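Take the sequences, apply the hints, and build the full model.
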Amino acid sequence: MAKIPAYAAQSAKSPLMAWTIDRRDPGPNDVVLDILYCGVCHSDIHQVRDEWGGAMFPMVPGHEIVGRVSHVGKSVTQFAPGALGAVGCFVDSCMECEQCKVHHENFCEKGVAYTYTSTEMDRKTPTFGGYSKQIVVKEHFVLKVPANLEISSAAPLLCAGITTYSPLRQWNVKKGDKVAVVGLGGLGHMGVKLAASMGADVTVLSTSRAKEADARKFGAKGFEVTKDPAVFQKLRGRYSFILDTVSAPHDYNAYLELLKPYGTMVIVGAPPEASSVEAFALIGANRQLAGSNIGGIKETQEVLDYCAAHKIAPEVEIIPIQKINEAYERMIRNDVRYRFVIDMASLS
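With the working numbering, the residue at position 316 of the sequence shown is 870, and numbering never jumps.
Because the hints were derived from the structure by calculation, they are not lab data.
Each hint should be verified, as a subset may be incorrect.
[Stated by the list, open to error] No farther apart than 20 Å at their CA atoms in a straight line, the calculated lysine to aspartate or glutamate pairs in the EDC-like style are these:
| no. | residue 1 | residue 2 |
| --- | --- | --- |
| 1 | Lys692 | Glu650 |
| 2 | Lys788 | Glu811 |
| 3 | Lys775 | Asp755 |
| 4 | Lys852 | Glu693 |
| 5 | Lys678 | Glu663 |
| 6 | Lys788 | Glu778 |
| 7 | Lys852 | Asp584 |
| 8 | Lys698 | Glu856 |
| 9 | Lys788 | Glu856 |
| 10 | Lys732 | Glu766 |
| 11 | Lys692 | Asp889 |
| 12 | Lys775 | Asp731 |
| 13 | Lys678 | Asp579 |
| 14 | Lys728 | Asp755 |
| 15 | Lys788 | Asp768 |
| 16 | Lys771 | Glu871 |
| 17 | Lys692 | Glu856 |
| 18 | Lys771 | Asp579 |
| 19 | Lys814 | Glu827 |
| 20 | Lys567 | Glu883 |
| 21 | Lys692 | Asp731 |
| 22 | Lys628 | Asp588 |
| 23 | Lys814 | Asp755 |
| 24 | Lys628 | Asp579 |
| 25 | Lys557 | Asp588 |
| 26 | Lys698 | Glu853 |
| 27 | Lys814 | Asp731 |
| 28 | Lys557 | Glu674 |
| 29 | Lys628 | Asp731 |
| 30 | Lys655 | Glu856 |
| 31 | Lys655 | Glu853 |
| 32 | Lys852 | Asp579 |
| 33 | Lys781 | Asp768 |
| 34 | Lys732 | Glu693 |
| 35 | Lys781 | Glu811 |
| 36 | Lys771 | Asp755 |
| 37 | Lys729 | Glu693 |
| 38 | Lys692 | Glu674 |
| 39 | Lys728 | Asp859 |
Note that the coordinates shown come from a computational prediction; the quantities given were computed from them, not determined experimentally.
Structural data, given as structure tokens:
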């Protein structure tokens, strides 16, 4: 075991503070990453404050990790010391079930090992995330970072990137499709950039006009303020696909009415309360309401490569680890454009 500096929450009521974790010794199939940058996801806040239930403390959050390889096991073939590597939302799976065999490790039938507030596959050893100086991960679950990606802004692609890329690919968003993105936050701004890069005609649906200039810079052709009820009547039946990125409570039925017949709305935001959906909002025009998780390792590598090829990067604000609690409060106030990334050099 190695003693590694980290930042942890000791309970749902406590702030994140300096702490020391034990990282397991690397085995023959493991890669050791010295963490350079770690993105800050809104789910970090939900987990630290146990808003989804089942949180495990002490907790070291962080699942948008980019680092430099400092050691590889004797059986590792894809990485060498000095290379860049990345780790996303999970660090292990059974590798044997039907889902793992088709590259959907995130849906492992035996239960995926998440990067933090989880356990390794032994169901005993707790996992600790990227708000730390180092992580040890099996080679299969380490992603390659393309050389032309800026490594600090690459970190959010490990969650915000794959979370928005996966549904756009699954529902085959393509050139000419009329697409709406609900919300322009950490997820939403990536949804706009990615959908626009695929040739879609993108409109942002927001509660405020404050981000309209940003939305258009990211590739949106339209911007509508949803606080005006007349907007929903004006846009009724306009879109073939809606990507809903909002984690605050809102009326799904109103947005479903904006879909064309046979259109699909995909939920990637996670409101803390149950939402009511009226049957006729779906039946009336053969609409679909779906959810989308992250993606498997193959698809996560795909989004890194896609963003490198299309010169797409998240908009980030770099912070030292000592400002993480302040960053959480700013995220709750929607005071970030559009993703915090921790420079782990600030952790001694």
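Here is how each hint holds up against the structure:
no.: 1; hint: Lys692 - Glu650; result: 15 Å, holds
no.: 2; hint: Lys788 - Glu811; result: 11 Å, holds
no.: 3; hint: Lys775 - Asp755; result: 6 Å, holds
no.: 4; hint: Lys852 - Glu693; result: 13 Å, holds
no.: 5; hint: Lys678 - Glu663; result: 18 Å, holds
no.: 6; hint: Lys788 - Glu778; result: 10 Å, holds
no.: 7; hint: Lys852 - Asp584; result: 18 Å, holds
no.: 8; hint: Lys698 - Glu856; result: 10 Å, holds
no.: 9; hint: Lys788 - Glu856; result: 37 Å, violated
no.: 10; hint: Lys732 - Glu766; result: 18 Å, holds
no.: 11; hint: Lys692 - Asp889; result: 36 Å, violated
no.: 12; hint: Lys775 - Asp731; result: 12 Å, holds
no.: 13; hint: Lys678 - Asp579; result: 16 Å, holds
no.: 14; hint: Lys728 - Asp755; result: 9 Å, holds
no.: 15; hint: Lys788 - Asp768; result: 23 Å, violated
no.: 16; hint: Lys771 - Glu871; result: 18 Å, holds
no.: 17; hint: Lys692 - Glu856; result: 19 Å, holds
no.: 18; hint: Lys771 - Asp579; result: 46 Å, violated
no.: 19; hint: Lys814 - Glu827; result: 27 Å, violated
no.: 20; hint: Lys567 - Glu883; result: 14 Å, holds
no.: 21; hint: Lys692 - Asp731; result: 39 Å, violated
no.: 22; hint: Lys628 - Asp588; result: 18 Å, holds
no.: 23; hint: Lys814 - Asp755; result: 14 Å, holds
no.: 24; hint: Lys628 - Asp579; result: 13 Å, holds
no.: 25; hint: Lys557 - Asp588; result: 13 Å, holds
no.: 26; hint: Lys698 - Glu853; result: 12 Å, holds
no.: 27; hint: Lys814 - Asp731; result: 11 Å, holds
no.: 28; hint: Lys557 - Glu674; result: 18 Å, holds
no.: 29; hint: Lys628 - Asp731; result: 48 Å, violated
no.: 30; hint: Lys655 - Glu856; result: 17 Å, holds
no.: 31; hint: Lys655 - Glu853; result: 13 Å, holds
no.: 32; hint: Lys852 - Asp579; result: 26 Å, violated
no.: 33; hint: Lys781 - Asp768; result: 19 Å, holds
no.: 34; hint: Lys732 - Glu693; result: 39 Å, violated
no.: 35; hint: Lys781 - Glu811; result: 16 Å, holds
no.: 36; hint: Lys771 - Asp755; result: 14 Å, holds
no.: 37; hint: Lys729 - Glu693; result: 36 Å, violated
no.: 38; hint: Lys692 - Glu674; result: 11 Å, holds
no.: 39; hint: Lys728 - Asp859; result: 18 Å, holds
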